[in-house]
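*Asks:* Chains as they are written, first to last, in UniProt numbering: chain A, 1 to 371; chain B, 1 to 371.
The set of hints was computed from the structure by calculation and includes no laboratory data.
Glycine residues also receive a C-beta, built at the ideal position from the N, C-alpha and C atoms.
Where hints are given, some of them may not hold.
Only pairs whose alpha carbons sit at most 27 Å apart, straight line, appear in this in silico DSSO-like list of lysine-lysine [what the hints assert, rightly or not]:
1) Lys18(B) <-> Lys157(B)
2) Lys274(B) <-> Lys6(A)
3) Lys98(B) <-> Lys182(A)
4) Lys18(B) <-> Lys157(A)
5) Lys207(A) <-> Lys195(A)
6) Lys23(A) <-> Lys274(B)
7) Lys247(A) <-> Lys328(A)
8) Lys98(A) <-> Lys182(B)
9) Lys98(A) <-> Lys98(B)
10) Lys274(A) <-> Lys18(B)
11) Lys274(A) <-> Lys6(B)
12) Lys328(A) <-> Lys285(A)
Between beta-carbon pairs, the in silico distance windows are [what the hints assert, rightly or not]:
13) Lys118(A) <-> Glu357(B): 49 to 55 Å
14) Leu60(B) <-> Glu286(A): 46 to 52 Å
15) Thr201(B) <-> Arg215(A): 42 to 48 Å
16) Asn120(A) <-> Lys6(B): 41 to 47 Å
17) Lys274(B) <-> Asn120(A): 26 to 32 Å
18) Asp220(A) <-> Asn303(B): 35 to 41 Å
19) Lys23(B) <-> Asn356(A): 48 to 54 Å
20) Thr2(A) <-> Ala183(B): 31 to 37 Å
21) Gln200(B) <-> Glu103(A): 23 to 29 Å
22) Asp19(A) <-> Ser217(B): 27 to 33 Å
Derived contacts from chain B toward chain A, CB cut-off under 10 Å, selection only [unchecked claim]:
23) Ala25
24) Tyr29
25) Glu54
26) Gln89
27) Tyr152
28) Asn193
29) Glu239
30) Gly242
Number of protein chains: 2
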Amino acid sequence: MTEISKLGEFGLIHRLTKDIQTKNASTRYGVGDDCAVLSYPDAEVLVTSDMLMEGIHFDLTYTDMRTLGYKSAMVNISDIFAMNGIPRQLVVSIALGKRFTVEDLDAFYLGMKEACAKWNIDIVGGDTTSSRTGLAISITCLGEAQAEQIVYRNGAKETDLICVTGDLGAAYMGLQILEREKAVYYAQIEDYNKKVRKAQTDKDEAKLNMLREQRPSVEDFQPDFAGKEYLLDRQLKPEARGDIIQKLNEEHIRPTAMIDISDGLSSELMHICKQSHCGCRVYEKEIPIDYQTAVTAEQFNMNLTTCALNGGEDYELLFTVPIGDYEKIKEIEGIRQIGYITKESLGCMLVTRDNNEFELQAQGWNPLRDE
Amino acid sequence: MTEISKLGEFGLIHRLTKDIQTKNASTRYGVGDDCAVLSYPDAEVLVTSDMLMEGIHFDLTYTDMRTLGYKSAMVNISDIFAMNGIPRQLVVSIALGKRFTVEDLDAFYLGMKEACAKWNIDIVGGDTTSSRTGLAISITCLGEAQAEQIVYRNGAKETDLICVTGDLGAAYMGLQILEREKAVYYAQIEDYNKKVRKAQTDKDEAKLNMLREQRPSVEDFQPDFAGKEYLLDRQLKPEARGDIIQKLNEEHIRPTAMIDISDGLSSELMHICKQSHCGCRVYEKEIPIDYQTAVTAEQFNMNLTTCALNGGEDYELLFTVPIGDYEKIKEIEGIRQIGYITKESLGCMLVTRDNNEFELQAQGWNPLRDE
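Turn these sequences into a full structure, and let the hints guide you.
*Replies:* Take a look at the structure:
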């Protein structure tokens with residue numbers, strides 16, 4: 001393990017970026033000067049930025065640096081797709097405390113590079129600095145789109161169909177499992193510590209020696225994740241839905257409004273409705289939910305629809321299309337029609353399986369509340 | 001004072017950005033969707049990103065949120081000027097702990113908006129989230145330049161003149177003063193606490209009551225900053241040198257290499273020399289130093305040249321021009337010629353007042369070392 005201070009700032013930047021070869025024509029100059037230089041003579045430039053803070057957005061007891069690098073890049077890439085754009089460049093800032101090594105940073109960059117390789121994105125710059133405490137990550141993603149191809153949140157029209165990709169609630173259930181296993185692990189530690197304290201009080205040296213041999217370690221702890229792999233992947237290693245954007249373009253379907261689902265379906269749908277000045281009807285029975293999500297919600301005694309509506313971090317796409325695209329959309333795998341757009345005065349309603357209507361609540365996943 | 005959680009993420013974003021009116025033709029869509037949309041059909045796009053962490057890059061005992069917002073924007077703007085570009089857009093991410101209020105964020109945004117107003121820059125997006133502990137700020141600045149106008153670090157040529165704007169070392173001396181006054185303040189607190197402990201041991205109630213009345217507060221503490229205003233301003237509220245960029249363009253002077261001085265003259269000069277494959281001679285007697293910097297270095301018993309060479313955060317411009325521009329440069333106020341570029345084999349040398357030569361050391365100001 002190598003201390004970061006040994007390499008120095010410039011040695012570190014060199015180590016992390018020396019194997020980067022830029023692949024996009026729009027990348028004129030990457031890492032190495034005061035700015036990166038990009039060229040977009042024939043398209044609009046899309047820019048998005050997301051910050052991920054340790055203890056708020058991620059927990060290094062559940063994820064490793066490589067997976068975290070992958071996710072940090074993907075959540076930004078997702079925002080470019082959500083405008084119907086093509087991601088091109090990534091700017092990466094990271095602040096980390098003393099406990100991190102050069103190898104941790106290597107792993108983080110490896111994960112980021114894997115995400116970028118998947119979508120042919122260039123890492124063109126950033127900042128590496130230190131933090132007093134936790135790890136802070138800030139990524140800016142740039143992309144491109146023709147002006148007339150860009151899909152905003154504000155273009156949904158009455159009678160448009162509401163579509164969603166993939167399935168919902170899985171990332172949230174993944175988080176529940178990780179938190180449960182973390183609690184189990186801490187309970188084992190607590191239990192062990194109790195036994196040690198008792199042996200100390202009893203002055204039972206034999207018992208103490210035995211306990212020393214049995215000291216539980218993170219490495220030995222085998223969390224019970226069997227059958228839950230999909231949920232964990234959805235939480236820890238989300239995929240931006242560029243595949244769907246490509247399919248929609250191939251089929252010449254242009255959504256009227258689009259957003260990626262980072263804060264939960266309800267919250268995102270309400271953004272679209274608010275900005276488009278319209279209402280909506282969403283059918284509970286049409287909301288796509290994976291089997292594992294359903295089983296796990298049952299085990300946790302949670303309401304499945306609430307998880308799917310308000311669980312965050314699915315990074316699926318939510319979009320609206322004119323009703324005329326109904327047949328074309330039906331043919332595309334991985335897209336589900338869940339409802340339709342109405343007049344604003346009709347509100348944003350969930351139609352339940354038993355045909356009741358409830359107003360949607362934008363509970364969302366709000367990191368400002370999570371402290 | 002308003003708790004941030006009261007407004008919620010979207011209420012907060014609305015409050016901070018509702019008065020923003022974008023001014024640049026290149027800004028097609030600002031805050032409010034998954035991405036900002038920019039348009040640069042006739043110029044290259046410059047992108048730079050800097051992260052500022054509490055306890056590493058700033059200390060809220062010396063600076064207030066408004067000044068911090070101003071500086072956070074300016075240090076990014078400075079990087080655009082350092083490429084001979086025009087800054088156009090800012091993307092702002094901020095993570096803050098519970099102790100911060102909505103009014104703190106208002107003040108931070110006010111400072112940023114002031115810096116942006118000065119250079120006609122649009123705030124087009126970002127992320128506001130929470131932090132477990134300190135304040136983390138990450139800003140991305142975008143700008144533009146014609147491809148043939150961009151000045152990189154790698155274009156310096158033998159016989160080029162080395163020029164620097166403004167004066168050096170003042171920001172570093174400002175930091176020394178702030179740290180001294182902080183130490184004085186903490187010493188007063190420590191002294192007070194000692195008196196309280198003694199009175200408690202003596203069970204001297206009268207004394208304890210008297211001490212309670214005299215409890216020192218940050219508000220009452222009047223640090224001794226008389227005559228040091230310039231140094232404090234240089235540290236807390238730096239100005240990016242767009243004025244010089246404008247003058248150079250008016251005079252049709254195109255630097256061969258340029259960088260902004262954030263880590264100290266030595267370190268930046270060595271970046272230019274390394275990337276341009278050349279050496280340099282810099283004359284100690286030509287390095288511009290303000291009178292207050294000199295007086296204060298004397299008071300602190302510090303070597304003035306070392307402060308000017310290695311003190312960071314001046315945010316002045318360091319650039320090289322062909323020797324033929326000598327007469328034109330001489331006429332521009334605020335630019336000093338401090339040396340010239342040599343063959344690489346001659347190394348990077350400082351020529352002292354008594355005509356000795358010393359190899360320049362890139363000590364620089366390295367936040368990775370500062371923990």
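*Asks:* Need the list of violated hint numbers for this structure, in ascending order.
*Replies:* The structure conflicts with hints 1, 18, 21, 22, 23, 28, 29, 30, although it agrees with all the remaining ones.
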